[in-house]
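These protein sequence lines are chains B and P, in that order. What the first sequence shows, in the working numbering, is residues 1 to 486, in sequence order. What the second sequence shows, in the working numbering, is residues 487 to 832, in sequence order.
Simulated from the structure, these hints should not be mistaken for laboratory data. Among the hints, erroneous ones may be present.
[To be verified] Here are the simulated distance ranges between beta carbons:
#1 B:Glu185 <-> P:Cys500: 44 to 54 Å
#2 B:Ala143 <-> P:Arg490: 45 to 55 Å
#3 B:Ala408 <-> P:Ser491: 31 to 41 Å
#4 B:Leu427 <-> P:Ser509: 28 to 38 Å
#5 P:Ser509 <-> B:Asn102: 54 to 64 Å
#6 B:Asn298 <-> P:Ser491: 54 to 64 Å
#7 B:Ala358 <-> P:Ser509: 30 to 40 Å
Note that beta-carbon positions come from the ideal geometry of N, C-alpha and C, so glycine has one too.
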Amino acid sequence: MVFSNPWYFVFLAVVLVALAPPLSIPAKKKILAVASCFFYACWDYRYLGLLLFISVVDYVCAAKMDAAAPTARRRWLTASLVSNLGLLGYFKYTNFFLDNLNGVGASFGFHLPHQDILLPAGISFFTFKTMSYVIDVYRRELAPVRSLWDYVTFVTFFPELIAGPIVRASVLLPQMDRSIGPRRERLGLGASIFLLGFTKKMIADRIGTMVTPVFERPTTFSTATLWAVALGYALQIYCDFSGYSDMAIGSAKMIGYDLPENFAMPYLSADITEFWRRWHMTLSQWLRDYLYIPLGGNRLGTGRTYVNLMLTMLLGGLWHGASWNFVVWGGLHGVALALHRLGRDRARPRLPRALGIATTFVFVTLCWIPFRASTFAETRAFFAGLFSAQAGLSWIAPEFWWLVALVAIGHVVGALAREPEGSGASLRLQSLLSRLDAKLVSNPISGPYFRLGTGSILGAYVVLAWVLFAFLFAVTDSNPFIYFQF
Amino acid sequence: MTLRSVLAGLLRLCIAAALVLASGELVMRRYCYSPRVLDPDFGFVPAGNPTICKKEGDGVGHWGKRGIRRSPGRPAGASNILVLGDSLTEAEQVDDDQTFTHLLEARLVAEGRPYAVLNAGIEGLALPYYVEAAPAYERAFSPRWTIVAISADDVAGSAFSAIATHFVKNPDGTLGLKANPPVGRGGPVRQFVRYARAHSALLQNYVLQYEGYARSVRAFRPFVATKKKDDPPLSHPERFPVREELSMLEERFQGRVTILFFSGFRPEDPDEESPMGRAILDICAAEGWSCRSTREFSRQFAASGTAPAGFPNSGFNWGHLNTAGHAAVAALLDDEVRRLGERGLL
Numbered sequence: 001m002v003f004s005n006p007w008y009f010v011f012l013a014v015v016l017v018a019l020a021p022p023l024s025i026p027a028k029k030k031i032l033a034v035a036s037c038f039f040y041a042c043w044d045y046r047y048l049g050l051l052l053f054i055s056v057v058d059y060v061c062a063a064k065m066d067a068a069a070p071t072a073r074r075r076w077l078t079a080s081l082v083s084n085l086g087l088l089g090y091f092k093y094t095n096f097f098l099d100n101l102n103g104v105g106a107s108f109g110f111h112l113p114h115q116d117i118l119l120p121a122g123i124s125f126f127t128f129k130t131m132s133y134v135i136d137v138y139r140r141e142l143a144p145v146r147s148l149w150d151y152v153t154f155v156t157f158f159p160e161l162i163a164g165p166i167v168r169a170s171v172l173l174p175q176m177d178r179s180i181g182p183r184r185e186r187l188g189l190g191a192s193i194f195l196l197g198f199t200k201k202m203i204a205d206r207i208g209t210m211v212t213p214v215f216e217r218p219t220t221f222s223t224a225t226l227w228a229v230a231l232g233y234a235l236q237i238y239c240d241f242s243g244y245s246d247m248a249i250g251s252a253k254m255i256g257y258d259l260p261e262n263f264a265m266p267y268l269s270a271d272i273t274e275f276w277r278r279w280h281m282t283l284s285q286w287l288r289d290y291l292y293i294p295l296g297g298n299r300l301g302t303g304r305t306y307v308n309l310m311l312t313m314l315l316g317g318l319w320h321g322a323s324w325n326f327v328v329w330g331g332l333h334g335v336a337l338a339l340h341r342l343g344r345d346r347a348r349p350r351l352p353r354a355l356g357i358a359t360t361f362v363f364v365t366l367c368w369i370p371f372r373a374s375t376f377a378e379t380r381a382f383f384a385g386l387f388s389a390q391a392g393l394s395w396i397a398p399e400f401w402w403l404v405a406l407v408a409i410g411h412v413v414g415a416l417a418r419e420p421e422g423s424g425a426s427l428r429l430q431s432l433l434s435r436l437d438a439k440l441v442s443n444p445i446s447g448p449y450f451r452l453g454t455g456s457i458l459g460a461y462v463v464l465a466w467v468l469f470a471f472l473f474a475v476t477d478s479n480p481f482i483y484f485q486f
Numbered sequence: 487m488t489l490r491s492v493l494a495g496l497l498r499l500c501i502a503a504a505l506v507l508a509s510g511e512l513v514m515r516r517y518c519y520s521p522r523v524l525d526p527d528f529g530f531v532p533a534g535n536p537t538i539c540k541k542e543g544d545g546v547g548h549w550g551k552r553g554i555r556r557s558p559g560r561p562a563g564a565s566n567i568l569v570l571g572d573s574l575t576e577a578e579q580v581d582d583d584q585t586f587t588h589l590l591e592a593r594l595v596a597e598g599r600p601y602a603v604l605n606a607g608i609e610g611l612a613l614p615y616y617v618e619a620a621p622a623y624e625r626a627f628s629p630r631w632t633i634v635a636i637s638a639d640d641v642a643g644s645a646f647s648a649i650a651t652h653f654v655k656n657p658d659g660t661l662g663l664k665a666n667p668p669v670g671r672g673g674p675v676r677q678f679v680r681y682a683r684a685h686s687a688l689l690q691n692y693v694l695q696y697e698g699y700a701r702s703v704r705a706f707r708p709f710v711a712t713k714k715k716d717d718p719p720l721s722h723p724e725r726f727p728v729r730e731e732l733s734m735l736e737e738r739f740q741g742r743v744t745i746l747f748f749s750g751f752r753p754e755d756p757d758e759e760s761p762m763g764r765a766i767l768d769i770c771a772a773e774g775w776s777c778r779s780t781r782e783f784s785r786q787f788a789a790s791g792t793a794p795a796g797f798p799n800s801g802f803n804w805g806h807l808n809t810a811g812h813a814a815v816a817a818l819l820d821d822e823v824r825r826l827g828e829r830g831l832l
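Assemble the whole structure, with the sequences as input and the hints as a guide.
Quick look at the structure:
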């Protein structure tokens, strides 16, 4: 069930109505868990068992681990990691492994058949979520959950089940003692965030219409088109994924939970390290805490630090999908992070911020090309067209530059929202918002968001106009979010 | 919360809503607007005001009397070739001088065969309507020849849809026609909605979006991710009385008609005609009727890696003809007009 599909609105409304009566907190959590299971079963009911299996295995492992001796604790951790990574590896990487094995084996005359495996929706996200829980319990950073219902509610929580943000147990479980359900303030803020996400999705889909055919046949189109499409894809993937995250955060907010911020305007980063602090933040933090640091982080010397950095980014790339293209993408970012670290270690002068932002953006944009292309051949053809005067079809939508401008304006407003409170820019923004009956609501978990209001004619006009134009300009065909495939 | 504050809130919302509707109308008139006027014979037809289409393509179109699209440089006093069809023929996505009807006219003039090619395409029409309205078209335009542009659905699903003029099976098994004129039906509310839709860009776009959402709601297939897609009825021409449908068309236009079949373009298999296209072309060949399929120029698009349909803002090889597609159709029809001339028919 895609968040931008009308069925999701019906589903969310039913969940909110079901959570509205003054029931006990455990009863509401059970309603939420059942609703989340239904949400997942809507994709494919046969895989609901897999989701519940992972939940139960990790619940049991963590519970057993709590009272066990150190060696036994390690065994329970291993059991949990093997089950999670085993399932992830089987469903996501079996055919990738077979394809590569067949590639090597072709010269020796052996061939293993392709397996007919359907990738369970969201498996990359929920396995990371449950792994973080078990590892945190193992590290004694988190007490194990006593109630299986609570744990199932945490694992299956539908707003972030399919494509994140990757919510750690330490973020969501403490919130589970709250009384959830729709409240006026929650609904207002949640709906505002959801509308922002819906608008981003609309922009992503509109740009995607232009982008898709060009990536499929890059030799057909002109160099100018390829550059526009490279820019377009950078904006598409940002709007698509951050839009999804906003819709997830907004949905959760309406229910009564805070999900962690996942994007903090990453394209305004002045260097690649800053970019990874602001892009898909929950994944970056997960990789840092559960992969980079356990590998030794920067504690084992300079050379090992770079190796750890590269390994983390290569595996991070592979996490996105079973394809060498993703590994290349991760590798490029790994090299850039290593080079940036090297420059910082040697105290090289930093670029002026504006130049740093431009350089980082161009680098990230070019790195998206292997990420988006289906094959190395497509990637090569795309780059060849970019850096030669390729004559060909012009394929730039008339409204493309309007959409680019809209994203740019959004970034300016977003940047103002992140200005320190009391600064001139912040005060001017506050004054504008008060005229629109809107306000900036900052939450330590979810980050800053605007809450729209209808308390003035201008405010009501903005809300209604936004809803109307989001409705009128949305691409109504079923367009799954890009990160659903990961 | 007092009654006064509730009323004040409602008033605020009403004023804001009115302002939003007004600004929405203004914006959509510059983005996607297809004004219509009521014609006594043909129902709502494109009006004299320009149509704007920036949702798909980037076209601006102008229409003259009775819903005929303007064609710059039309030869005066020439005989008419009438072109009937749906939105593919109406072609709001491109400018007047880029439509296949205008390009065909320009080609014929340049070749010393000056015909006025009248584009009477109206979105949403299908084969039964052309059959039903043939006498009205004859009276209004006295065409020397008529070209009817159809897609697979025009002889299949749409041809039997009860919301418009449609074919029916008579009790004796023969094919009949049930007229359902687009005007004069329904109560005052329905009449008002039709009138409002013809004159409001906001309402037109709202209805389009609503239909799009309705499609995505219907397409939702829950619970099994690997569920097989439905076998489209269009790939089963044997389920439809195609021969009878085409016979009625030929009969009503007294054999002076060319069927232009819009075949889907498949770059990976450009020479393969769709099942419905094959059925139509086989019937035409057996009966000696004039029929052409856009599949004939598929190979040239496949070779260049381009497609006859689609725009950067709507999709590649999707939706309506682009300028290259219109040029290719004009060339195809030019060839057909030449053939008809050689046979002494035109």
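For each hint, the structure was consulted:
1. For Glu185 (chain B) and Cys500 (chain P), the Cβ-Cβ distance of about 24 Å falls outside the hinted range of 44 to 54 Å, so the restraint is violated.
2. In this structure, Ala143 (chain B) and Arg490 (chain P) meet the distance hint of 45 to 55 Å, their C-beta atoms being roughly 53 Å apart.
3. For Ala408 (chain B) paired with Ser491 (chain P), a C-beta distance near 39 Å keeps the hint of 31 to 41 Å intact.
4. The hint said 28 to 38 Å for the Cβ distance between Leu427 (chain B) and Ser509 (chain P), and at roughly 29 Å that hint holds.
5. For Ser509 (chain P) and Asn102 (chain B), the Cβ-Cβ distance of about 60 Å falls inside the hinted range of 54 to 64 Å, so the restraint holds.
6. At roughly 59 Å, the beta carbons of Asn298 (chain B) and Ser491 (chain P) sit within the given window of 54 to 64 Å.
7. Take Ala358 (chain B) and Ser509 (chain P): their Cβ atoms lie about 35 Å apart, and the range 30 to 40 Å holds.
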